[in-house]
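2 protein chains.
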Amino acid sequence: MTATTAIYGETNPSPQDLGKMPIRRYGSVVEIRKEKEQYYRELHANGWNGVMERIKKSNIQNYSIFIHEIEGKKYLFSYFEYIGNDFDGDMAKIASDKETRRWWKETDPCQKPLTATPDGSNWSVMEPVFLLE
Amino acid sequence: MTATTAIYGETNPSPQDLGKMPIRRYGSVVEIRKEKEQYYRELHANGWNGVMERIKKSNIQNYSIFIHEIEGKKYLFSYFEYIGNDFDGDMAKIASDKETRRWWKETDPCQKPLTATPDGSNWSVMEPVFLLE
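Protein sequences appear in the order of chains F and Y. Under the numbering used here, the very last position in the first sequence is 133; numbers go up by exactly one each time. Under the numbering used here, the very last position in the second sequence is 133; numbers go up by exactly one each time.
Just so you know, these hints were derived from the structure itself, not from any lab. The reader is advised that the hints may include incorrect statements.
Same chains, same label: a pair holds when it works inside one copy or across any pair of copies.
Said to hold, decoys possible - Below are the DSSO-like pairs computed for lysine-lysine, each with C-alpha atoms no more than 30 angstroms apart in a straight line: (1) Lys20 <-> Lys74; (2) Lys34 <-> Lys112; (3) Lys93 <-> Lys73; (4) Lys74 <-> Lys36.
Since the model is a prediction, treat every value here as computed from it, not as a measurement.
Given the sequences, and given the hints that come with them, work out the whole structure.
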């Protein structure tokens with residue numbers, strides 16, 4: 001194993017500096033179960049209105065999900081931007097939203113977490129190494 | 001193998017509709033050689049000025065790279081937005097830029113393409129399945 005250390009600079013702001021920026025970018029990854037891929041695509045082509053509105057009200061914007069196969073397995077990669085001032089509070093509002101909870105009952109079984117995540121979410125948050133605004 | 005088909009809708013615009021949008025979002029993935037990870041981090045913490053300027057002049061904005069380990073290997077995931085009207089032309093200007101070519105001599109050996117890509121780039125472009133602006 002090769003040990004690596006995070007390096008910060010002009011084009012990779014430290015977590016502290018990122019936290020001060022008006023837009024904070026999140027990249028995440030999760031495996032998708034191949035037998036559920038088609039259903040996941042159906043759901044996401046026409047996301048439920050209430051779920052979409054709750055995301056926007058929680059100060060999330062510019063939210064993309066991509067899919068790609070790596071070594072025979074399929075993965076989802078998400079990118080979104082958070083522009084509020086209370087990330088945990090805004091996420092809690094999403095997590096307690098009734099329609100979102102119904103939505104997750106559909107989407108959760110499509111996903112297979114890479115590892116157990118601290119907050120119980122299926123998605124693993126990735127580490128940023130570069131940012132050019 | 002489970003056959004899947006792309007599904008387009010309100011929250012997953014078709015390639016044709018995406019092409020008409022003022023901002024076009026690209027997600028890509030490549031493996032990073034673990035023995036080169038530290039050097040890649042060093043390079044990207046302070047991207048060379050000329051390379052960064054050439055990217056911006058080619059109508060690319062909001063460019064993030066993230067790193068994450070999947071099943072014992074490390075991968076880089078990039079997200080950027082293209083706001084110009086001639087993607088191929090703008091990319092060709094990057095590819096012919098002298099400083100960028102020197103930069104790629106440093107970054108290319110850090111990466112291991114998932115598969116041979118049409119344009120000879122190390123990065124594999126991922127398929128979008130969701131967009132909430």
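Structure-based check of all given hints:
no.: 1; hint: Lys20 <-> Lys74; in the structure: between (35 angstroms within a copy, 28 angstroms between copies)
no.: 2; hint: Lys34 <-> Lys112; in the structure: both (10 angstroms within a copy, 25 angstroms between copies)
no.: 3; hint: Lys93 <-> Lys73; in the structure: neither (33 angstroms within a copy, 35 angstroms between copies)
no.: 4; hint: Lys74 <-> Lys36; in the structure: both (11 angstroms within a copy, 25 angstroms between copies)
Checked against the numbered hints above, the structure violates only hint 3.
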